[in-house]
Amino acid sequence: MKKTSKLFQKRRRLIVFIILMSILPSAVAAQETATVNGIVSDKETGETLLLANVSLIEINKGTSTNNSGFYSITGIEPGNYRLVASYIGYRRFEKEISLEAGESLRLDIELVPESIELEEVTVRSEAETEEQKNIGTAQLTTRLIKDLPAVIIPDVFRSVQLLPGVKAASDFSSGLYIRGGSPDQTLILLDETTVYNPTHFFGFYSTFNPDAVKDVRLFKGGYPARYGGRIGSVLTVYNKDGNRNQTGGAVSVGLLASRVFMEGPIKNGSWMLAVRRSTLEPFLAIARNSSDNIPDQFNFIDINGKINFDATQNDRFSLAFYTGNDKVSFPFRDDANIGLRYGNQTVSASWKKILSKRVFGSLTVTGSRYFNKPGFEIAGTPFERDNDILDISVKADFEFDLNSTNTLSAGMWGGNLELNFNDSFDNNDTFSNRIRTNYTSVYIQNEWQPANKWVLTAGIRTNYFTEGNYLRLSPRASAEFRPAEKVRIQAAYGRYHQFLTLVTNEAFSGFDLWLTTDDGVPPSFGDQFVLGIKTIPLSGFAFDAEVYYRTMRDLFELDPFITDQAGLDYSELFRFGEGDAWGAEFFFEKQTGTLTGFLGYTYGETRRKFPGFNTDLLNPVSGARFFPPKFDRRHDFNIVTNLRLSNRWSANAVFNYATGQPFTEPSGRTSFSDVPFGTDDRNVFTVGNVNASRLPAYHRLDFGFIRSGTFFNMGRAEWHFQIINAYSRRNVWFFQFDFDENPVDRDEVTLLPIVPSVSYTVNF
Amino acid sequence: MKIMFRQFRYLPFLVLTTAILFTACDSLEEEGFSEIPVVESYMIAGRPLPFVKLSATVPANEEYVFEEAALGDANVIIYLLSESGEEEDIFRFTMKQKGIYLPENRVHRVLPGRTYQLEVTFDERDDQLNAVTTIPGDLKIINEVPEFAIYQSENQPELVVTNPSTGNRQNVFVINTISFDPVFNNLTPFYMETVTEDDALEVEDFVNNDSPLINEGNFEVNADGTITIKYPWIGVAFFGENRVVVNSIDSNLNDLLRSQSVQLGGSTISPGEIQNVIFHVDGGIGIFGGIASDSVNIFFERPPGM
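Chains A and B supply the protein sequences, listed in that same order.
If you count the first sequence from 1, position 90 lands on 90 in my numbering, and the numbers rise without skipping.
If you count the second sequence from 1, position 235 lands on 1235 in my numbering, and the numbers rise without skipping.
Chain B on its own, in the form it takes in the complex (with noise of 0.2 Å):
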């Protein structure tokens, strides 16, 4: 037993060293819920100057009513940057219900390759809210898409679009497409035993069946500039009449998206831990995006003995 005590003499100082190794770093504490305020808005080059959708986050706990979470009495203005970044136009909003609020210029048409700035004030609440987004250019398809393909055939059916780039970045593409005719046996054999078999799932749930990110590095650019899109055959969820939309987007929807669709896993994230997802707003979180698209319709065919 003396042995054993004179041996041991010298752990007291690994003990000590320990202690003030552990004693001198803080641990993490969990956050409790705080409400942020919540901005959704896309602009489409082209089209109308869109909706804003303003809320506030709930705890996660509770159910999502957008109704309930809606905020009113805000103050939100769109602007036109030139090139320098002054304002160049202004767009004032209304609110038409609580949470959504309309533009009061129904003509101007939201330009390709422009850059806007979303602001947001509120009457009664300090939070205030800063957003930019720069619209892809001009995306457009230039080839004669043929009216009929036939499902899985050898004549796969190609798209090539000019170029929206605007920056030194790819382009990021989602290639939706919507059926006319969504009912369940115009399914397709994958997308039919999926809903067949997955009673989470309906047939609704594909009528407008987009695709994943699709980086411009897996097309073809062509010598022109064009890029050249081979729409693969998984994006047919119908048989029959559908329109095919090719969509540009900008870096804030690109990074809402990626961020989003691999929170909760499926990337190299370890099970349990979850990131926030990648927001673009100053003073609160959403989404500001914008959007360059053009579309076709293609009738997919049925092909024998299928």
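Next comes chain A alone, as it looks inside the complex (with noise of 0.2 Å):
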């Protein structure tokens, strides 16, 4: 007994000692080390840089901006560096730098906007060269946007669909459909406020006015604790914060659409207004002289504005609003009549505070409002439809550099949410819904970085609904190992809930209405598994490639089968269902030269499952069945280039080839004559699996011709010459039957043909 005592006492003063040593050293260097901090932003209009590379090249030890363009290099031994800045499209920033003991220099640093790519980079650090792209992220540049060829206009989502993983339903929508999920998957946040229905003209165009924007990131998968709410992805725009050195702007008029932005500078501060609208008018007044079914009314407008103070050199605050809204009015008989309404508003004011040398921290308050108003009139009976959401929050987050080795995140978003839902017929109220519940989220995410070629994340996020009163735990997890010089193998893990549903017809948002959880009625869950490998190649080159799997459960969506919800109670409005997706992205991009662009190749499954939905018809007790939703594209290639023919003209093009989208061939017919009621044959297809079948192939190419020049010597002006669907390939879209024929006819419904387009815009 005594020598056991002996041996564990000598075991235990061994531990003790271990763990006074794996303390001690970091002790020592707490007290020894240094750190470097600040905002980078552009030199020549002060906007903050967002994900903007900083290091250090002898230590080879660097960071990347956060959403607010704050640096923070902690744990640095005492001496002499070269801190190195990059960002795409800006010229290399160095400067010498001494560090003393315990020293907290701060160093804003300004970013000189680089015209022409540049071909050769001579000495850049690891952290410096590799883009700082998390698992499953990919990121935009508002150039790409604008000068992609475009249907009409130039659009943030029908940009991001050209990336891997992401999917359009049709070329009438901007709807995303990202690794499998439908667009109410995807959070989509405008200068951190949640947007509930980002499109105009019934889903053609997305919200976003490319003008206005300075980021566009998108998280496909894996998505870290900061964010949730969705079980799919994050798409987080922020506008530009205004020019804070001079003031400016631009005008560009084009057929159907035309945009005003102008930014300035104020006092520690800058603005910025952009505003968009459509100009159809003129068409439509042309088209109605020789048709009748042209609208009366047709058109879309928003606006965004941004003002920035800065109080002092750590406390930044900004006040950010959007508004817009589509208008139809269309009298499709005399005594028949339908209008549109609808439309977003957001406002976020934030604070944002360089707490201390380790520590910064945001305040954001947000409010955004979702509306729909479809009404129709037809032969005195009106029906009306009055939807609405409100949404109320605030949010805080903070960032900790606790040591040289770990970066602790933490955050709450807190908020009143309520949705009003009320139908009317014959003016009676046929349904009404009001649901206002509170909802919190907290969330803390530590990265530890045990060593260099390792970096370790995990976090949890606790989620809280009144309505239903669901709490729900979310936990995090990634890692990344560098095993040779500018390789990334990256893994992530999470499990991702969502409180809301989305009602929309793909064909068509305009009626688009949101629902959420109750008693009877919870909440979607999912799992998301992915693996990837980021590369640099070869210098001004990138390739990346991922694979993924996500479970989808307790989906819960408006039943398809139920036209009449008077009565009902909430939850039997609802099928419940799951879904899993898997697939593969691959992504090869050139980032210098005369000649950019990338390609992106997805391979991509999904499907869902609906009790009482796709059953064998006559052994439904054999249970449904899983079938692919129709944006289950498998084979997804993508190619978008950009060509610099001279310092006036440059071309770009984009081509898109998928492999054809799901539909139903139905197999048999039958009809019922005999409805006692009506004069019309209650005509029936029956169907085996549905959507068992292919739609041919989809494919087609945009080029687009640039123009620089100047606007009589008062600015920089561009023509932009663009030709949609060059080859007129008519993809088809879906096909229609008619009943009146017998046998029944079917007809292909077709995308967009060949559609020219030119617009003129001058910056001053």
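It is possible that some hints are incorrect.
Unchecked claim - What follows is a list of derived Cβ distance ranges for each label pair:
#1 740(A) to 1146(B): 36 to 42 Å
#2 635(A) to 1035(B): 34 to 40 Å
#3 418(A) to 1199(B): 43 to 49 Å
#4 418(A) to 1032(B): 47 to 53 Å
#5 329(A) to 1068(B): 45 to 51 Å
To be verified - Facing chain A, according to a computed beta carbon distance under 7 Å, are these residues of chain B, among others:
#6 1031
#7 1040
#8 1062
#9 1063
#10 1146
#11 1148
#12 1149
#13 1150
#14 1153
#15 1160
#16 1174
#17 1213
#18 1216
#19 1264
Stated by the list, open to error - With a Cα cut of at most 16 Å, we get these calculated EDC-like pairs of lysine to aspartate or glutamate:
#20 1230(B) to 429(A)
#21 353(A) to 310(A)
#22 1053(B) to 681(A)
#23 1230(B) to 1154(B)
#24 1230(B) to 426(A)
#25 373(A) to 310(A)
#26 267(A) to 296(A)
#27 357(A) to 103(A)
#28 453(A) to 467(A)
#29 95(A) to 110(A)
#30 609(A) to 674(A)
#31 1053(B) to 559(A)
It should be emphasised that the hints constitute simulated quantities derived from the structure, not laboratory data.
C-beta atoms are modelled at their ideal positions from N, C-alpha and C, and glycine is treated no differently.
Assembling the complex is the task here: the two chains are given apart, and the hints tell you how they should meet.
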């Protein structure tokens, strides 16, 4: 017994010694190391730059700026260093710095825009040359968005649709179908505020004005604990802050929409205002002379604005807003009219503060409203719907550089969400549902770098939704290993929850409405597994590959067979199901030189299953079967290129090839001709497996030319000449069946034909 | 080049993972056509037993003619069930012509609130069809409905009906309007323009003009349990004398009609996706539905200046 006790004590002393030795160097290091931090911004405009790289060449230590343009490098041994900062489209910044023990150096960096992409770069550290791309993340520049051939006007979402893993449902929809998820599975944030229906023109365009946008970042999957509320992806859009140095702007006139953008400095700050409006009225007026079926009114408008103010070197305030709406009024008979008004309004007020050399914080108050008011009046009988969402929230986020190997993030997001949904028929309220719910999320996440080649991140997010009293935990984890220079292997896992569902029609987003969880309607959830590799095979090139698998459980959607909601309990409106998605994405990019662009290829599969749907007709008790939704395109290939022809001319092209979308080929038909009311036969198809057939492949070539010049020496001007669908491929959208013919007539409904477009932009 | 190859040595791992994921998954296959027996019959409260139609589905791309799809040599029986589900009465049918079967009992009146079971077997087929319907309860229009109404005036006709509900589901109504003088010049403005502009539509298409399915929740339930139905002007296709019929339908017919109306679009289903309609027939497809109804005549007058 005595021997055992002595041995135990020896072991205990050894353990204590080991613990002390592991803490002591850190403690000693903490006393002696230095920190450098600051804001990275555009020298010409003063715009903060998000995800800019900052590093110390000699020790190969670096970081990237956060969503506020702030960076911090800690745990630096005293000494002399060369600090470099870089960002695509800007000249490299270098500065010699000297750090003493315990010093915290505040260094704000201004990067000069580079008008010509560099062919060669000289000495670069590993941390500097790699774009700080986290797993499942993609970033788009606004220059690319504006330069790409676009259907009439440049659009953020249509540019995002070109990225691997992101699919479009049709030429008429800007909806984002990401890694097998429907558009409502993507959280869309504008300056930290949720946008509920980010579309104009019934889904043709997004609400984001490229003139106003500074940063567009897509977390396709495996997104970090900072975000939540959707089981798929997150798209963050940040609008410009405004030029802090001079007043300027741009005017762009296009065939069907025009834009005005202005920005300028105020004392210790800046402002920005961007207005965009459709200009269809002349075309409608001409068309009305020859046809009756032309809307009386058909327009959209949106306004983005922001004002920023630096109270101190460490305190920045900003107020941003967006307002936009679409209006349609269409008399389609003498005694019949359809009208629609829908839109969004957002506002966010934020305070960003550098709390200490190691702590950065931000506090944001947001408000978001989406409204949708369709109405018909037919033969004196009105049908009206009134749907609106009001979401008021507060969010706080903190970043702590605990030490040289640990960065802690934490925050909360709490708010009140009110959804109103009212239907009336013949001036009587037929369905009225009002849900008011509070929601709270709290997250904490630590990024740990135990060794040079490893970065491990773990976090957890807690979500609480009062409507239904749902409390959910969402763990997140990711790992990154750098086995060699310019190679990163990444893996991520996350559990995600969603408390909202979108009722929409892919062909027409004007009647979109959101519904929420409630008693008997639990939140949906899913797990995501992602594995990827990011490389820089050669200077100026990037090659990424990722595979993913995700589950979707407790999906709740409006039951498509419910034609009248009146009198039903809320939970009876829904069908509940599940889904899966898996795939692989490959992305090859050339970033420098006169020819730039990227190739993207995605293999993806997704499927859904809902009880009562896609059952065996003669054996329904065998249960529902999985079927692929319409956006299940197996192979999707995009080429995007930009070629600088001369100082004045550039050309760009986009080619997309995708294998056919699924559709249902009916197998049989019958008819019920003796229903005791009405005169029409009720014709019915019988189908085997839903969506078991495939449409022909989709492919389309868009190209454009940009001519740069001046506008009477008052400012820069650009002509954009574009051809969409250059060889007028009549891609099939779906087959339409006409039972008025016997046998049934089947027609192809095709997508866009060749569409030319011209626009003229002046920057002053 | 050496550097590139070193970097890509991790790529086969990713490709292998990809291959494992994809080859493990089955892909969906189209199912070819297979003939399915179809039944159609509607039990209306207070009326004699209906005929039963039997046919089979035909391939979707072929012409459909009932007479060619009709099924003969069937044994058709309808049972009246007791509350405990036992057979209380039995009604046999005989084939009048191929595909159409008439009841031998011409006296029995369909009882509101009762449950009937249909059973079909064939002499030369293995198929066996079974379906059950519970007829909605008694429906009567109990108020004095004005005989005349000026179209789109403030005096919108109201019909107060007894509540035909038999279970814990709300009533689902269909209101149809049958014109006694269906000529072009009698069409109300909306329908006149519709017929004029759409070559596929004719005056006859609106003689029996039916509403979509309307849930009881759209109407006011009175303190005595009756339901006040405000008759919508959109239901009036013709000026002049019309019979306005209020129908309450059972869950079988409700499921068929609501799913059939959106099978080819108009709901949240994506374009090109076609789901099967909801049937409640074992061994086949079709409808064995129950209806309770009552009607009233109203003369819709043309307002001055129209």
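Outcome of the hint check:
Residue 740(A) and residue 1146(B) have their C-beta atoms about 38 Å apart, which keeps the hinted 36 to 42 Å range intact. Between residue 635(A) and residue 1035(B) the beta carbon distance is about 36 Å. The supplied range of 34 to 40 Å therefore holds. The beta-carbon spacing between residue 418(A) and residue 1199(B), approximately 48 Å, falls within the hinted interval of 43 to 49 Å. One distance hint, 47 to 53 Å for the beta-carbon pair residue 418(A) and residue 1032(B), holds here, with the actual separation near 51 Å.
About 49 Å separates the C-beta atoms of residue 329(A) and residue 1068(B), a value consistent with the hinted range of 45 to 51 Å. The beta carbon of residue 1031(B) is positioned within 7 Å of a beta carbon in chain A (closest approach about 3 Å), and the interface hint is therefore held. Contact between residue 1040(B) and chain A, as hinted, is supported at the beta carbon level, the nearest pair being about 5 Å apart and thus within 7 Å. A cut of 7 Å between beta carbons decides the hint on residue 1062(B): the least distance to chain A is about 5 Å, and the hint holds.
The criterion of a C-beta within 7 Å of any C-beta in chain A is met by residue 1063(B), whose closest approach is roughly 5 Å, and the hint holds. With its C-beta approaching chain A no nearer than about 17 Å, residue 1146(B) sits outside the 7 Å limit, and its interface hint is violated. This hint is violated: residue 1148(B) has a C-beta 17 Å from the nearest C-beta of chain A, more than the 7 Å allowed. A cut of 7 Å between beta carbons decides the hint on residue 1149(B): the least distance to chain A is about 12 Å, and the hint is violated.
Checking residue 1150(B) against chain A: minimum C-beta separation of about 11 Å lies over 7 Å; hint violated. The closest approach between the C-beta of residue 1153(B) and any C-beta of chain A is roughly 9 Å, which is over the 7 Å cut-off, so the hint fails. The beta carbon of residue 1160(B) is not positioned within 7 Å of any beta carbon in chain A (closest approach about 15 Å), and the interface hint is therefore violated. Interface hint status for residue 1174(B): upheld, as the beta-carbon distance to the closest one in chain A is roughly 5 Å, under 7 Å.
Restraint check, residue 1213(B) versus chain A: the minimum CB separation of about 6 Å is within 7 Å; hint holds. Look at residue 1216(B): its Cβ gets to within about 5 Å of chain A, closer than 7 Å, so that hint holds up. At its closest, the beta carbon of residue 1264(B) sits 6 Å from a beta carbon of chain A; the interface hint therefore holds under the 7 Å criterion. About 13 Å separates the Cα atoms of residue 1230(B) and residue 429(A), which keeps this hinted pair within 16 Å; it holds.
Of the pairs offered as hints, the one joining residue 353(A) and residue 310(A) holds, with about 10 Å between alpha carbons and a cut-off of 16 Å not exceeded. At roughly 14 Å between alpha-carbon atoms, residue 1053(B) and residue 681(A) fall within 16 Å of each other, so this suggested pair holds. Between the alpha carbons of residue 1230(B) and residue 1154(B) the distance comes to roughly 12 Å, so the proposed pair stays at or under 16 Å and holds. For the suggested pair residue 1230(B) and residue 426(A), the alpha carbons sit about 9 Å apart, so the restraint of at most 16 Å is met.
Using a Cα cut-off of 16 Å, the hinted pair residue 373(A) and residue 310(A) is violated, with the two alpha carbons roughly 40 Å apart. Using a Cα cut-off of 16 Å, the hinted pair residue 267(A) and residue 296(A) is violated, with the two alpha carbons roughly 46 Å apart. At most 16 Å may separate the alpha-carbon atoms for a hinted pair to count; residue 357(A) and residue 103(A) meet this at roughly 9 Å. At most 16 Å may separate the alpha-carbon atoms for a hinted pair to count; residue 453(A) and residue 467(A) exceed this at roughly 45 Å.
Taken as a hint, the residue 95(A) and residue 110(A) pair is honoured in the structure, with Cα atoms around 11 Å apart against an allowance of 16 Å. As the CA atoms of residue 609(A) and residue 674(A) are separated by approximately 34 Å, the hinted pair breaks the 16 Å bound. Proximity of residue 1053(B) to residue 559(A) is assessed by CA-CA distance (about 31 Å); at most 16 Å being required, the pair is judged violated.
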